[in-house]
Structure formats: structure tokens, C-alpha cells
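Construct all of the structure, not just a fragment, from the sequences and the given hints.
With the numbering used here, letter number 333 in the sequence shown gets 444, and the count goes up by one each step, no holes.
For the record, the hints were derived by calculation from the structure and aren't laboratory data.
Being a predicted model, the structure only gives us computed values, none of them experimental.
It cannot be assumed that every hint is accurate.
[As the list claims (entries may be wrong)] Per label pair, the in silico range of CB-to-CB distance:
#	residue 1	residue 2	range
1	Ala537	Lys242	25 to 31 Å
2	Phe614	Gly645	31 to 37 Å
3	Glu429	Lys162	51 to 57 Å
4	Tyr254	Glu472	43 to 49 Å
5	Asp558	Glu357	37 to 43 Å
[As the list claims (entries may be wrong)] Straight-line distance between alpha carbons at most 20 Å, and here's what the computed DMTMM-like set of lysine to aspartate or glutamate pairs gives:
#	residue 1	residue 2
6	Lys458	Asp440
7	Lys237	Glu593
8	Lys170	Asp314
9	Lys415	Asp489
10	Lys415	Asp469
11	Lys461	Glu416
12	Lys427	Glu416
13	Lys242	Asp640
14	Lys424	Asp471
15	Lys455	Asp488
16	Lys427	Asp376
17	Lys455	Asp510
18	Lys458	Asp469
19	Lys439	Asp471
20	Lys415	Asp510
21	Lys458	Asp447
22	Lys415	Glu380
23	Lys541	Asp377
24	Lys173	Glu380
25	Lys163	Glu333
Backbone N, C-alpha and C fix where the C-beta goes; we use that ideal spot for every residue, glycine too.
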Amino acid sequence: MTPPSANTLKDSVSSVESFTKIDKATPSASTKASESILKYTALDDIPVGVKKLTDSFHKNGKTHSIQYRLNQLRNLYFVIKDNQDAICDALFKDFGRVPTESQILEIDGSLNELVHTMANLHNWLKPEPVKDLPITLKSNPIYIERIPYGVVLIISPFNYPFFLSFSAIIGAIAAGNVVVFKPSELTPHFSQLFTNLLSEALDDDLLFTINGSIPETTKALEQKYDKIMYTGNNAVGTIIAKKAAETLTPVILELGGKSPAFVLDDLSEKELTVVARRIAWGRFTNAGQTCVAVDYVLAHDSIKERLVREIVKVVKEEFYPELNKDNKDFTHIIHDRAVSNLSKIIKTTKGKIVVGGDVDEASRYVAPTVVDNVDWDDSTMKGEIFGPILPILSYSSLDEALSRLQSRHDTPLAQYIFTGGSTSRAKNPKLNKISQQIRSGGAVINDVLMHVALTNAPFGGIGSSGSGSYHGWFSFRAFTHERTTMEQKLWNDFVLKARYPPFTEKNQKLVSASQTDYNGKVWFDRQGDVRVKGPSGLFSTWTSVAGVAALIYYFVGNL
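As C-alpha cells, then:
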């Protein structure tokens with residue numbers, strides 16, 4: 112979700128060894144400034160804090176209580192509800208984001224997800240009966256119960272530091288875990304405030320917060336956890352996955368990538384205006400520092416020029432008519448290194464800058480920039496941009512465009528498709544082709560970003576953009592282990608007798624007849640199409656009756 116240049120770890124990190132080696136160099140000016148605002152956790156306190164939570168989970172067991180979980184979530188709700196202005200103010204101090212934008216993008220949706228989780232937790236905790244059991248096991252309660260992993264480490268990024276932290280913490284607590292939380296040091300005002308609020312709301316044997324940068328993160332990863340969730344860039348995600356593999360610790364990785372926006376050739380002039388507005392919003396919100404932002408546009412040759420004109424008009428006349436480095440209505444870039452990288456992209460592009468291009472490194476301001484006539488080898492197409500730069504490419508052959516995309520930026524975190532035709536894949540062949548060939552974490556037709564705000568739909572990546580998903584019910588699932596539990600009876604041993612030695616042909620036939628494979632019969636032939644809807648009702652009924660008859664015959668013969 113964040114590029115290496117904007118992460119807590121150095122750009123040069125490329126192995127577990129380099130990651131786990133604590134940096135002894137003199138702290139940079141930005142590190143010193145951050146540490147003066149954010150109270151870093153003492154290295155010696157980290158293993159002590161993690162052990163305290165581990166002991167708490169295993170010894171007192173109170174997180175297994177739904178009442179306890181709900182009370183803790185209730186405390187979270189009110190501490191955030193009562194401090195919304197303070198949170199927005201802290202985010203403004205960290206990177207100049209307008210409070211209204213922080214309220215809409217981070218706080219409102221997070222509180223909604225929390226309330227949704229609290230309202231449904233009692234249902235999520237109910238055991239789920241296992242269906243289609245063998246005949247010999249139908250009298251036994253067999254169900255799936257969801258149990259907490261234990262100690263969960265959550266490492267969150269800077270770009271949406273509240274939303275991307277809070278959502279994960281909600282899910283982990285609702286699932287009955289204890290949480291070790293590492294927020295980003297790149298948002299020191301917010302991270303210190305959030306640390307204080309969490310300490311106020313939650314028991315200190317439920318959550319332990321680690322503040323700091325490379326040494327503190329390194330020390331945190333030296334401890335043993337039951338699950339790790341990391342949100343950030345691919346390079347560091349790989350390192351964390353390798354480190355977790357040493358102790359067979361499962362991970363959730365929410366990463367990023369270059370999310371494309373396809374604009375098809377079936378859009379009218381009026382529709383292109385709407386498309387331009389949505390694409391511009393999806394690129395420049397939070398100054399482009401969004402993991403699912405529109406990273407580039409692929410527009411058909413026949414409509415590309417009109418689309419560019421509309422995007423330029425939206426940016427200059429609608430969204431940011433008086434924008435400059437002193438304007439308070441546009442979020443600034445998180446740190447100097449990120450500004451330098453974005454500036455280099457703008458300076459070296461071979462495309463045509465049709466709007467924007469201004470950079471003020473002193474205030475970390477990068478203007479909304481649209482670059483037309485870009486090719487696949489341009490500086491804007493090397494990696495995830497993570498800033499307010501929108502490259503626009505054109506295509507004449509959809510097949511060729513898809514082939515180029517697959518070879519360069521396969522498995523993006525999101526894909527966006529704009530069409531004036533049907534939004535049904537079954538009725539729109541081009542839409543269907545793109546959806547099938549591009550494996551993305553999420554997909555949105557005729558809009559952008561909005562799937563992330565869904566309270567109870569999975570959000571996550573695939574391949575290089577991550578693994579695992581969360582939000583609402585899916586957060587609960589992500590932070591619980593699905594355990595199959597069987598309650599077998601002692602009185603029914605005569606039903607299970609066929610499984611015991613000595614093994615006979617008669618016993619083998621009985622076992623086969625008792626399984627769920629339709630008494631050893633199948634409803635399909637060696638050739639021809641297999642029935643899509645499975646076996647017919649008549650077939651299922653007949654084979655089930657035959658299986659029961661075989662059991663009765665066996666039992667009667669062995670009385």
C-alpha cells in the first residue's frame with residue numbers, strides 16, 4: 112500500500128538479515144523530529160510487553176468472553192467518537208490533510224464498521240453445522256467453531272493511519288485475540304494521540320502499542336506471535352513473510368501495486384465527463400497516497416483525447432481552481448524522500464504534462480499532475496506512483512493492452528473499468544474479458560475506491576498485491592481459526608463397527624455405502640458435458656435410499 116520510499120524501513124532493505132539488523136547510524140532530522148513528538152518505545156520494553164500479553168491470553172482467558180469483547184469495543188467507540196476533532200487535527204499536522212477529508216475517508220466508515228461488528232458478533236460466534244455428513248455420523252453434532260489465534264501483531268501504514276489501523280484492531284479484538292500494535296512513525300502527531308486513546312479505552316493486558324522506527328520494528332518482529340498483519344509495500348511485505356515463516360506464523364499482507372482504469376470506446380460525451388470526474392477523484396484524493404488509487408488510465412484511441420480534455424477541465428475548473436502550495440485544501444506528501452521521488456518522476460517523464468507538474472519540496476507540495484501520451488516504459492509506469500500523478504495511455508487493441516498489463520503489472524490491488532454499455536459481464540464481452548484476464552484484489556465498474564468502504568465485504572490483494580482479506584465478518588474470519596469439532600457418542604459403537612479389524616469385503620462395502628459419494632455411484636459418464644447443477648434430485652434420493660438399505664442389511668446381519 113505504500114512504496115518503499117515511504118515506509119518505516121530503508122529503501123535498501125532487501126533481505127531478512129538486513130531488516131533484522133538494527134541501524135546504528137545517526138538518526139536523520141526527520142527521525143529526530145518524529146521522536147520528539149512521538150514517544151518511542153524502549154527496546155527492552157518490547158519483549159516484556161509482548162510476553163505480558165501472551166501470558167494474559169493463555170492464563171486469564173477473559174478474551175474468550177463475548178461480553179468482555181463487546182465491552183472493550185464499546186470503549187473504543189466512545190473514545191473515538193469523543194475525540195474526532197483531535198484525530199483530524201493530528202492528521203492535518205502530520206501531512207496537511209483537510210479535516211473534512213479525514214472525517215469522511217477515515218473516521219465515519221471506521222465507526223460504522225465497529226458498530227456493525229458489535230451488532231453481529233453474537234451471530235458470528237455461533238458454531239456452524241457441518242452439512243452432507245456420512246450416514247453413520249448424522250446423529251452426531253459436528254460443527255465449525257471459530258477460535259482466536261492468540262497474540263496478533265498489526266503493523267499499519269501512514270497513508271490512512273486511523274482507518275487501516277482501527278479496522279484491523281476491531282477485527283482482532285472481536286475475534287478474541289490480544290493485540291500488539293505498531294503504528295507508523297511517519298505520522299507522529301496522530302500515532303501519539305492514537306496511542307493515548309487506545310490506552311485510555313482498552314485494558315493494558317489486551318493491547319500493547321510499540322512506537323518507533325527500524326530498531327523498534329525489528330525488535331517487535333523478533334517476538335513470537337500467532338498471526339501477523341502488515342499493511343505497506345511489497346518489498347517489506349516479503350521480508351515480513353520470510354521472517355514469519357521461520358516460526359510458521361500465518362500472515363495477512365495488504366500491499367499495493369499499479370491499479371489500472373480501463374476506459375472503453377462505448378462512452379458518450381456526457382458519460383466521459385462523469386468518468387473524468389471519478390477518475391480524477393480516485394487519483395488525487397489524499398494527494399494520491401491511496402493504495403487503491405487509479406494509478407494509470409488505459410483509454411481507447413477513439414475517446415482518449417476527449418477524456419484527457421475532460422480530466423484537465425475537472426482538475427483545473429472543478430476540483431482545484433485556485434490550488435497552489437499555500438492552499439490548505441489539498442493534502443501534502445508525507446515526507447521529503449517521497450517528494451523527491453515524485454519530483455524525479457515528473458522531471459523524467461517523456462509524456463506531455465497537460466496539467467500540474469509543480470513541486471515545492473519545502474512544503475512537501477506536489478500539484479495534481481496529469482501526463483498524456485505515456486508509453487509502457489515511461490518513468491510514470493516503473494512502479495506504484497503513490498502520489499498525485501496520473502499517466503494516461505491509449506490502446507487500439509484490447510488484447511494487446513491486456514497482454515502488456517499482464518506482463519508488467521499483473522495482480523493489482525484493484526482494477527477499474529468504465530463502460531457506457533451493460534455493466535453485466537454476461538452482456539458485455541469486453542468487460543468480461545478484462546475481468547477474467549486481470550486477477551485483481553478488487554474490481555469496480557464505473558466507479559473507483561468505493562469497494563474499500565464496504566463494511567462487510569472482503570478487502571484484500573492477490574499475488575503481488577497481498578494475501579488475505581478483512582473488514583467486518585471477513586476481519587473476524589481472518590483473525591480466527593476455523594476448528595472442526597465433533598461430538599461423538601459412546602453408545603453407537605455398533606454403527607462404527609465396520610471400521611475395526613479384521614477387515615473384510617463386507618465391511619469395506621458398508622463403509623463405501625455410508626459415505627457421501629452417492630453409494631459409490633456417479634451421475635456423469637466418461638464423456639460428454641457434466642451436468643452443471645450437480646446430480647438430479649431423483650438420483651440423490653435413489654442413491655441415498657440404497658445406502659440406507661445397505662446399512663440396514665449390514666446391521667440386521669450382524670445382530
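Hint by hint, here is what the structure shows:
Ala537 and Lys242 have their C-beta atoms about 29 Å apart, which keeps the hinted 25 to 31 Å range intact. Between Phe614 and Gly645 the beta carbon distance is about 32 Å. The supplied range of 31 to 37 Å therefore holds. The beta-carbon spacing between Glu429 and Lys162, approximately 55 Å, falls within the hinted interval of 51 to 57 Å. Checked against the given bound of 43 to 49 Å, the beta carbons of Tyr254 and Glu472, roughly 60 Å apart, lie outside it.
As the Cβ distance of Asp558 to Glu357 is approximately 42 Å, the hint placing it in 37 to 43 Å holds. With a C-alpha separation of about 25 Å, the suggested pair Lys458 and Asp440 falls outside the 20 Å cut-off, and the hint is violated. For a cut-off of 20 Å, the pair hint linking Lys237 to Glu593 stands: about 12 Å separates their Cα positions. A hinted pair counts as satisfied when its Cα atoms are at most 20 Å apart, and Lys170 with Asp314 qualifies at roughly 15 Å.
Annotation: proposed proximity of Lys415 to Asp489 holds, straight-line Cα distance about 18 Å (limit 20 Å). The hinted pair formed by Lys415 and Asp469 fails the criterion: a straight-line CA distance of about 24 Å is larger than 20 Å. Simply put, Lys461 and Glu416 have alpha-carbon atoms about 18 Å apart, close enough for the 20 Å limit, and the pair holds. For the proposed pair Lys427 and Glu416, the alpha carbon gap of about 17 Å is at most 20 Å, so the pair holds.
Under the criterion of a C-alpha separation no larger than 20 Å, the hint pairing Lys242 with Asp640 is inconsistent with the structure, at around 27 Å. Distance restraint check for Lys424 and Asp471: the Cα-Cα separation of roughly 23 Å exceeds the 20 Å cut-off, and the hinted pair is therefore not satisfied. The hinted pair formed by Lys455 and Asp488 meets the criterion: a straight-line CA distance of about 15 Å does not exceed 20 Å. A threshold of 20 Å between alpha carbons decides the hint, and for Lys427 with Asp376 the separation of about 25 Å lies outside it, so the pair is violated.
Of the pairs offered as hints, the one joining Lys455 and Asp510 is violated, with about 32 Å between alpha carbons and a cut-off of 20 Å exceeded. Between the alpha carbons of Lys458 and Asp469 the distance comes to roughly 10 Å, so the proposed pair stays at or under 20 Å and holds. The suggested pairing of Lys439 with Asp471 holds, with an alpha-carbon distance near 14 Å, which does not exceed 20 Å. With a C-alpha separation of about 17 Å, the suggested pairing of Lys415 with Asp510 holds against the 20 Å cut-off.
The suggested pairing of Lys458 with Asp447 holds, with an alpha-carbon distance near 16 Å, which does not exceed 20 Å. A distance of roughly 11 Å separates the Cα atoms of Lys415 and Glu380; the hinted pair therefore holds under the 20 Å criterion. Using a Cα cut-off of 20 Å, the hinted pair Lys541 and Asp377 holds, with the two alpha carbons roughly 10 Å apart. Proposed proximity of Lys173 and Glu380 is contradicted: the alpha carbons are some 60 Å apart, above 20 Å.
Taken as a hint, the Lys163 and Glu333 pair is honoured in the structure, with Cα atoms around 15 Å apart against an allowance of 20 Å.
In summary, the structure is inconsistent with hints 4, 6, 10, 13, 14, 16, 17 and 24 from the numbered list given earlier, while agreeing with the others.
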